[in-house]
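Q: Chain by chain, the residues:
Protein chains: 2
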Amino acid sequence: MVDCLQALYHLRGPPSEATSRAQELCVEQTLEYPPELASPHVRERCLARVLELRELEPDCQELRVGFPVEIVLDRHGGVDHAQLLNVLFGNISLKPGVRLVDFVLPPHILGAFPGPRLGANGLFERAGIERGPLVGTALKPMGQSPRELASLAGECARGGIDLLKDDHGICDQPFSPFLERVTRVVEALREASVHTGRRCLYFPNVTAMGSLLEERVEQAAQAGADGLVLSVGLTGLHALLALACAGVVNSRPPLPILAHPALVGAFTVHPDHGVAPGLLLGGLYRLLGADGVIFPSHIGRFGTPTADCRDIMLQGSRALPGIRTLLPVPAGGMRLQDLPEIVEFYGERSLLLIGGDLHRHGDLRSTCARFVEQARRAGAPAES
Amino acid sequence: MVDCLQALYHLRGPPSEATSRAQELCVEQTLEYPPELASPHVRERCLARVLELRELEPDCQELRVGFPVEIVLDRHGGVDHAQLLNVLFGNISLKPGVRLVDFVLPPHILGAFPGPRLGANGLFERAGIERGPLVGTALKPMGQSPRELASLAGECARGGIDLLKDDHGICDQPFSPFLERVTRVVEALREASVHTGRRCLYFPNVTAMGSLLEERVEQAAQAGADGLVLSVGLTGLHALLALACAGVVNSRPPLPILAHPALVGAFTVHPDHGVAPGLLLGGLYRLLGADGVIFPSHIGRFGTPTADCRDIMLQGSRALPGIRTLLPVPAGGMRLQDLPEIVEFYGERSLLLIGGDLHRHGDLRSTCARFVEQARRAGAPAES
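Order-wise, the sequence lines are chains U and D.
Count along the first sequence from 1, add 125, and you get the number used in this note's numbering.
Count along the second sequence from 1, add 125, and you get the number used in this note's numbering.
These are calculated hints, taken from the structure and not from any lab test.
Note that the Cβ used here is the ideal one computed from N, Cα and C, for glycine as well.
Please note that a few of the clues may not be correct.
Said to hold, decoys possible - Residues on chain D that point at chain U, a partial pick, calculated with CB under 7 Å:
#: 1; residue: Cys151
#: 2; residue: Val152
#: 3; residue: Leu156
#: 4; residue: Pro165
#: 5; residue: Val167
#: 6; residue: Asp184
#: 7; residue: Cys185
#: 8; residue: Arg200
#: 9; residue: Val204
#: 10; residue: Met267
#: 11; residue: Thr360
#: 12; residue: Cys370
#: 13; residue: Ala387
#: 14; residue: Phe392
Claimed, not checked - The following residues of chain D were derived to be distant from chain U, with all beta-carbon distances above 12 Å:
#: 15; residue: Gln131
#: 16; residue: Ala143
#: 17; residue: Gly285
#: 18; residue: Pro299
#: 19; residue: Gly428
#: 20; residue: His484
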């Protein structure tokens, strides 16, 4: 099996059961049928194989599985993205104590993934910034009118913020209609840019299901937004891929996508089970076309394990021929006072998102200016 | 807050932290902003409230929260389905030890959900069966050609199976192109029905992402399939809602949807965290338009807790004005010998799905006939 798709799992449980659980996984994820009843041809063609099984720590085994690539292809030889995910973790997700940690695609099928349209470099370019980190904030809290949010946006932009996003709970509520909000915020940012001579990018939240998603994406483009926030956990990966592969509409090029992690914790939080956040947010989101990914930082109110944050960074930036790197966007209760530590960890090729804490220090505009100044200073190379 | 959306959570952790965690959840899921910095108007309008907090068992508290309905509406007063999910479990999913167990919608917004087009009763009607349980099986294993799968389909239909589905790992692979497979299977089933005088319904697997999903749905309808299998965990809920709300295309009415649970275990398996399977598979899938839901039975190779299976049944059938009931489809390694126990538990308004075990007893056609006969006998009312 030279041309195989490899996946890495952690199996939580007694070592004595590991071998049979590994075999079980191979069957469950491919044939889903008693192998002894299948024809030798079908077994050879489809059945996954254990490539390696070793103890990682007490009661935790690392399992490497090889899957025949053919079973995740479509009839034209392209990758069937849903089937890839199914083969990696479909049914086996229904058994406890299995965590999908990584996968490696054969290089020749990487071209079947869109990857980021802009990615980290492209977003830095759009922001007009050479050396970061970029600084961003969210329009919040919900419950305010488009006029109030636009006024906040103007203050942030005048303070020098690079990227503004809607708080992910701000949608199209009666008190904050989507199109009106986006139009007013874009207008406020244009006014601000006359004063600052710089651009502040605006990414409204288009997360929605069914026909509403398409409608909001179109409205965002029409109103002059610079990108989109999509909570991929809420809508599902189909929506991400569809947006990432969308073509030019009404002569407007498609907008870059910032993925938000709402609901994703249901997959990732329990260390014994589910999907490792690095793989999901850093690896899969990148392959399926996100340009940047927001995730709860290890510093902040979510207490994400540091290793998880590092994995998201690594998966988002590891070398994949033809696939741009993802912009990491740590967020979730970070505070201005944490900036040196944050920047030391995430580096200058990131976008730091601070929300509520910017509102705790009096005048919003000058707090934003402080945020920008401190972040950039922390990101600058030490003088030698 | 008379007109509120209520949600029920289980918080795993020491009782001493429960009150602050409950308050934290209310803020995280709505304002996501320091409440003391928000205006009284915004707090009143948007902030969720703890309605009840009580000890359920040691280190597990039951929390009932009320959310203002307005925050999950769109500007026309309809429900924003993604935002509903976001408010229920978006960010809080990123903190450990929180499980979303149930929610109750104010009755007047139920109309914003499509619900099943056919549901349990409609699927019984399509199958031409008055008293069940319905019996179904999957075309498997993968790796066979359309011709081979069609031949299996013919055998199952002649054995009297009510509903055939593709194994969820059979997609559009080079060895089994979708359109050719569906066309051949439909043909084989038509031939069989000439002999049996009965109809066997066929639900091919249309699970795919991006433009492929639409293509397969169209091909399925065109080739004469009776319904669709969609692995909602793989594609996301957006895809389910979009299919459920699809209108007539090329004068063909939309097909009923059987949801498959692949990947869903990442959400549901850990009892301390995530989303309760009853709520997700029985409640949400039903509201968003699934007609039936496949889930791993408590009897079978997944070892699903019995209470979870019962919850799926209850959520799928509880009285919701204007929303049809969901057809429960227990599956996952059930065996013929388990039928009496299975039918006793799931009752006759269900579809029993047995896959691999039907291939263990020699001739497939006669094994299917035994399956039908034994299931219906078990479902018949005891003679009095």
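Q: Could you tell me which of the hints above the structure violates, numbers in ascending order?
A: Checked against the structure, the hints that fail are numbers 1, 2, 4, 6, 7, 9, 18, 19 and 20, while the rest are satisfied.
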